[in-house]
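**Student:** Following the hints, position chain B against chain A.
These are the residues of each chain, in order.
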Amino acid sequence: MSRLPLFTRSLAGSWRPLLGWAAGILAVLSLYLPLYPSLAGQDFQDLLQSLPSELISALGYDQLTTGAGYTQSTFFGLIGFVLFTIAAVSWGTRAIAGDEESGTLELVLAHAVSRVQLVLERSAAIAARLLLLGLFTGLAVLVFNRPAQLGLVPSHVWAGCAALIGLALLTAFVALAAGAFSGRRVWALAAAVAVAVGGYALNAVANQNPDLDYLHSWTPYYWAFGAGPLSNGADWAGLTALYGTSTLLVLLAAFALNRRDIGT
Amino acid sequence: MGTGSAASVVQTRALHKRFGRIAALKGIDLDVPAGSVFGIIGPNGAGKTTLMRLLLDLLRPSSGEIAVLGVDPRSGGPDLRRRIGFLPGDLFMAERVSGQELLRCFSRISGPVKPGTVRALAERLELDLGRPVRALSKGNRQKLGLIQAFMHQPPLLILDEPTSGLDPLVQQEFLALVREASSNGQTVLLSSHVLSEIEEAADTVAILRSGTVVSAASTAAIRASAGRRVRIGTTVTEAPALVERLGRVPGLVLLQVGADPVASGATSINARFDGEMPDLITALAGQRLLDLVVQEPDLEEAVLRFYGPEAGAGTGDGGAG
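As you go down the protein sequences, you meet chains A and B in turn. What the first sequence shows, in this note's numbering, is residues 940 to 1203, in sequence order. What the second sequence shows, in this note's numbering, is residues 153 to 473, in sequence order.
So that you can see chain B by itself, here it is in the shape it has in the complex:
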């Protein structure tokens, strides 16, 4: 590409990918700094997987430019892919062989792998490598996928939905692996639609929606832009007046007003608030409140706002809280 700065491990410019009439990526400009842990988040179908597969030359761009470790994936070939560890989002591996056998084959292709690395990784993730792949659960297959991506300590790790199917303890171990990789100077690019894992691991986040990057910023900056979630409980009779007062508070967006699911005779008001705190307190002063909850800004909250108009606002969408 020529213009690619040495500090960017992955760089795309005006990257488009069409499948027939469907435009999967509509002009992606991305810079993944060397040594960073870079998260790509977006709903299913946003183009995360397509983007990653383009970086590995599994797909070819319709137009635009890509540089991975300074090389166009199309011309980089096997030498480039030897320097990448990839975990596919849809992980399928040969069924009949054992984990050990499969990893041996991959290390023959993409090695060298330092002796003992595979065993150490398998022990950390608690995976039995002797069992045939077909006998492994989804979570254990995912572990095998992680091992084949990490084992040759590539300068770049591209992990598509890496924690899917992993139980919380193994997720913690995975996060530790990512941190270690990062402190070794490896760059990690990971995607998810589950934000909590990005929040803990990534220092920079790009939000992908319908084939475009909606926002790319540091995790801290996104968090700062996020509104607080406010929940107010009041009596049914008081509710209309309170709702009206709240409507005049700058920066407060009412999301939902309805019967409290737990306390009978009570009304629950849900709102997002990114205004000045004294304004809210003034509005609530002297009101007959049954309950007041103000939650810390959540990255998840910030991201959901990019996904769609007030997506996830319903009370049933507890994951957003």
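In isolation and in its complexed conformation, chain A is listed as follows:
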């Protein structure tokens, strides 16, 4: 008997996909970051000037000419966000709803494990995987920092990674909790995608007009990146909101799974 058997099992089964995600992240970073020196010049500045200002603010391109702004706009706020979200949604959906629909959850829960323990260990496994991806991302960005002349402060890079991990964690746990409530993959998927895409869209809308600024406080995307962690360092209030909500979602999932029939 070991402690955390499900956590161990879950991680042991995921190192190969994890390497795949890391390779994808590295590919995207090596595609975008080295381009920065060539884009920082006046020509690019002029190009940006010619774009509609609404487009610029929707994409968060206002600060594209600093290293931090560029890294934020191309990776953390866009492609990295998409990659982390896809990983989070798929892991969060599979953890309960996927296993319940495929029928494998029944046999696991017939063994000597409580439902609360199952939720906690599987959420911990998701968190561990996202943490590993986040650490890898941070290290990769720091490797590119000097050659790509990004001028990033290392502690700010880690603040950005913490925000990206937290945002993905929240999305994953929305899927987990929706799966724990419904037992249906489609609900888990829909809830998580709604939060991720909805959060991004709401943030873009709120960027358009100071009158809509209040919308920012409703979007996890803004909690993560609103304060510009890559430029300004850790936004503790935003991180607290991300990780606090994530924790609540896990507790909610444990509560939900514990009070219903399995596999009906």
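Just so you know, the hints here were simulated from the structure itself, not pulled from any lab data. Every residue, glycine too, gets a C-beta built ideally from N, C-alpha and C. Among the hints, a few may not be true.
One side only, chain B facing chain A, incomplete, derived with CB under 7 angstroms [claimed, not checked]:
(1) 211
(2) 229
(3) 241
(4) 244
(5) 257
(6) 258
(7) 260
Using C-beta positions, here's what the derived DEER-type ranges look like [unchecked claim]:
(8) B/305 with A/1042: 24 to 34 angstroms
(9) A/1187 with B/278: 44 to 54 angstroms
(10) A/1137 with B/268: 52 to 62 angstroms
Cross-link-like lysine to any residue pairs, in silico, SDA-like; alpha carbons within 25 angstroms at most [stated by the list, open to error]:
(11) B/290 with A/1037
(12) B/266 with A/947
(13) B/290 with A/1053
(14) B/178 with A/1199
(15) B/290 with A/1203
(16) B/178 with A/1037
(17) B/266 with A/1201
(18) B/290 with A/1201
(19) B/290 with A/1042
(20) B/266 with B/178
(21) B/290 with B/222
(22) B/266 with A/1047
(23) B/290 with A/1047
(24) B/266 with A/1042
(25) B/266 with A/1203
(26) B/290 with A/966
(27) B/266 with A/946
(28) B/178 with A/1201
**Tutor:** This is chain B only, laid out in the frame that chain A set:
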């Protein structure tokens, strides 16, 4: 539950389970004696699987009481389930891992498992544990399911349709496993809609139909209540008169009269008989019979009578013979 006698390993009282508007179990009272091999039989949809899943706290009862090994499954939690070996009726396991890996994970959760037990079981059932689950046939998955249920030698085994997908030789090995478990003092609760396996393994049988226990008795008692199956062959011209004579024999129920499927020009009369043998012999004396078969009472026969009015009476339903 308090009232649960120590001799009952599984006890339910007025157990109801509804799924929305559908009542899956309508008041089950069950007592599974310690050390017994207890069979639950019933057609698909009778509630066998629902009952077993309630015992494992995968489902929660709508009303009624359950005690498994003296504990309510709801409050028994992991400690209770460690003492149960469960084989689900719909067996699904993680696909990508090997059998070995899967069993290691389950033994971490529900162990300890005595060293060598898994290998011994795998050898007896002739299962290659090195292969990934996704590459296993249905029968081999079933073997893996049996191993994970038996490996930690739990006091209670709950096996839902345990022999489905197993070839006859492995079925024999399974029956041997059940007998050994029983002689070790383990209690075995198994379900099936195939009666032959219950007949060989179980000493007590409960018949479940549409969410209620229709009958619970020892296998011997059910067998004693079973009618004999009688088949009489005669010529087409003689048949009507013979049918009329047979209709007057007490305890004889005509099931089917029709053209003999094999011999042309002959009529085959199928009947169930649980009356006195001399009455039947008297009725047949002096008749021009082409054929007479009286079969030994069959548990299957007895059970089919509970399933529905003369279910399985057709000649095509050869499994009932």
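**Student:** Go through the numbered hints given earlier and state which of them the structure violates, listing their numbers in rising order.
**Tutor:** Violated hints: 3, 13, 16, 17, 20, 21, 24, 25 and 26; rest satisfied.
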